[in-house]
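Asks: Using the hints provided, position chain B relative to the given structure of chain A.
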Amino acid sequence: MLALFFRDIRLGIRAGGGALTGVLFFLAVIATIPFGVGPDLNLLSRIGPAILWIGALLASLLGLDRLFQADREDGSLDLLILAEGRHMLAFTVFVKCLAHWTASVLPLVVAAPFLGLFMNMKPAGIGAAALTLLVGTPAITFIGAVGAAVTVVLPRGGLLISVLVLPLVIPVLIFGVSASYAAVAEPDPFLPPFLILAALTLFLAVIGPVAAALALRYAAD
Amino acid sequence: MRWFGANSFATPTAGVVVAHIKSFLEEFQRDKTQFCCDAKLLRRIALDDGESMRLIAENLSGERGGEAVFAGVGFDLAAGESLTVTGPNGAGKSTLLRVIAGLLPTAAGNVRLDGGGEEWPTVAASSHYLGHQNAMKTALSVAENLRFWQDFAGQPQLGVGEALEMVGLGGLDHLPYGYLSTGQRRRAAIAKLLVSYRPIWLLDEPTAGLDKASEAQFSALMRVHLEDGGIVIAATHLPLGLEGAKTLEMGGSPSPMPC
Numbered sequence: 500m501l502a503l504f505f506r507d508i509r510l511g512i513r514a515g516g517g518a519l520t521g522v523l524f525f526l527a528v529i530a531t532i533p534f535g536v537g538p539d540l541n542l543l544s545r546i547g548p549a550i551l552w553i554g555a556l557l558a559s560l561l562g563l564d565r566l567f568q569a570d571r572e573d574g575s576l577d578l579l580i581l582a583e584g585r586h587m588l589a590f591t592v593f594v595k596c597l598a599h600w601t602a603s604v605l606p607l608v609v610a611a612p613f614l615g616l617f618m619n620m621k622p623a624g625i626g627a628a629a630l631t632l633l634v635g636t637p638a639i640t641f642i643g644a645v646g647a648a649v650t651v652v653l654p655r656g657g658l659l660i661s662v663l664v665l666p667l668v669i670p671v672l673i674f675g676v677s678a679s680y681a682a683v684a685e686p687d688p689f690l691p692p693f694l695i696l697a698a699l700t701l702f703l704a705v706i707g708p709v710a711a712a713l714a715l716r717y718a719a720d
Numbered sequence: 005m006r007w008f009g010a011n012s013f014a015t016p017t018a019g020v021v022v023a024h025i026k027s028f029l030e031e032f033q034r035d036k037t038q039f040c041c042d043a044k045l046l047r048r049i050a051l052d053d054g055e056s057m058r059l060i061a062e063n064l065s066g067e068r069g070g071e072a073v074f075a076g077v078g079f080d081l082a083a084g085e086s087l088t089v090t091g092p093n094g095a096g097k098s099t100l101l102r103v104i105a106g107l108l109p110t111a112a113g114n115v116r117l118d119g120g121g122e123e124w125p126t127v128a129a130s131s132h133y134l135g136h137q138n139a140m141k142t143a144l145s146v147a148e149n150l151r152f153w154q155d156f157a158g159q160p161q162l163g164v165g166e167a168l169e170m171v172g173l174g175g176l177d178h179l180p181y182g183y184l185s186t187g188q189r190r191r192a193a194i195a196k197l198l199v200s201y202r203p204i205w206l207l208d209e210p211t212a213g214l215d216k217a218s219e220a221q222f223s224a225l226m227r228v229h230l231e232d233g234g235i236v237i238a239a240t241h242l243p244l245g246l247e248g249a250k251t252l253e254m255g256g257s258p259s260p261m262p263c
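Protein chains in written order, with the working numbering: chain A, 500 to 720; chain B, 5 to 263.
Some hints could be false.
To be verified - Label pairs and their in silico Cβ distance ranges:
{"no.": "1", "chain 1": "B", "residue 1": "G163", "chain 2": "A", "residue 2": "P654", "range": "34 to 44 Å"}
{"no.": "2", "chain 1": "B", "residue 1": "T142", "chain 2": "A", "residue 2": "P670", "range": "37 to 47 Å"}
{"no.": "3", "chain 1": "A", "residue 1": "H586", "chain 2": "B", "residue 2": "L179", "range": "46 to 56 Å"}
{"no.": "4", "chain 1": "B", "residue 1": "G187", "chain 2": "A", "residue 2": "L501", "range": "26 to 36 Å"}
{"no.": "5", "chain 1": "A", "residue 1": "L701", "chain 2": "B", "residue 2": "H136", "range": "22 to 32 Å"}
{"no.": "6", "chain 1": "A", "residue 1": "P670", "chain 2": "B", "residue 2": "R58", "range": "33 to 43 Å"}
{"no.": "7", "chain 1": "B", "residue 1": "P180", "chain 2": "A", "residue 2": "P654", "range": "23 to 33 Å"}
{"no.": "8", "chain 1": "B", "residue 1": "G245", "chain 2": "A", "residue 2": "L523", "range": "44 to 54 Å"}
{"no.": "9", "chain 1": "B", "residue 1": "T110", "chain 2": "A", "residue 2": "V652", "range": "35 to 45 Å"}
Hints listed in this document are in silico derivations from the structure and should not be mistaken for laboratory results.
A quick note: this is a predicted structure, and the numbers were derived from the prediction, not measured.
Ideal placement from N, C-alpha and C gives every residue a C-beta, glycine not left out.
This is chain A alone, in the form it adopts within the complex:
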């Protein structure tokens, strides 16, 4: 299983893996916002956490279509499914999600504090946004895996995945942003939304891979 994790990370980082695409997209979104909104620093710092979250959410949806499709195209997916007796398919999917998150989404979390500076965010707000992204983005990957598994047979499934997945990740977005706001807006408590965010991630870490494994099992043809 560790072998699968490292293989997927290596594939993501190497040429054509597309791990950098997400970061570049994230950078492009955040860098254009101040130009669009105008030089109102208060406004920027107020919408900062939300923009960071929306940018990270969209960027992490970008690479999802290749999560299983690349394996399906070269026949690896058949062998991953055949190995079910040795490695439960849901666990295989879970490991693939973790590897995808590490290679493509973790760079977004690392980049978020720097991009937070673009948005004139306070240090506490930047820290809270990065922390909530760290805890919340795995949930996006786990839901996305379900979408990727359902659309694995479609050659251009990327957009469809986003459409399928977006309604389901709205709760993650809501609690992520409200926790980030709570860190800077005084009366709001930080911990409750943050804990709900963590709970969402844990919940989806179980449901997502199981559902994706089911979808993959029946998508085999």
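Replies: Same frame as chain A, but now just chain B:
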């Protein structure tokens, strides 16, 4: 052993090929006995005890997209036996292999593995499946690909370097898989069968893209696997050079098949 490396594409005469296969087989046997002293020996003892691993399919039907592709297929293979599945395009050879592997549901009938014991509980768990695609990543090197499949599949048999020597790709392990030619890619995928042990090999057009010498080499590998108590089912248009192989002719119309 490097008699058929990357650079020697001269066409050897039949006699030379036979001599090569002989020396190759001897060397293979020697390597194997050296290398697999513990795990393999144990497995062999277990096989000798049980002696009766059988892959049995009864009245098997398969369908694709709700349409029956074949029906009433049956066979009974004991350890050391092979089955060659032939037939025109669209006769359902690939579908049959995928049904046997468990990648497609059976429309009727069943496939089972008898006498596999605890180590080989199901057909899927005891099979290597070599499909049309090679299941190798072009961005990774040949060795990285093979090492991954060895780790993932478990039951390591040959080392990566040795397996590549067996298929005549010794010394190419550091190259990205994408740099290999079609035939070399196929050979690297065949090396995948050797890095971890499975008693059943399900091969879909295994020699597609291989030259004559590689075909002969691959037949030798299959024979060694069979001698070792393995089972081979191969869908093919070309003779695979397996003596005593049972054949299953898949026709356009479903018909009951003798074993």
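Asks: Check each numbered hint from earlier against the structure, then list the numbers of those it violates in ascending order.
Replies: When the structure is compared with the hints, numbers 3, 5, 6, 9 turn out to be violated.
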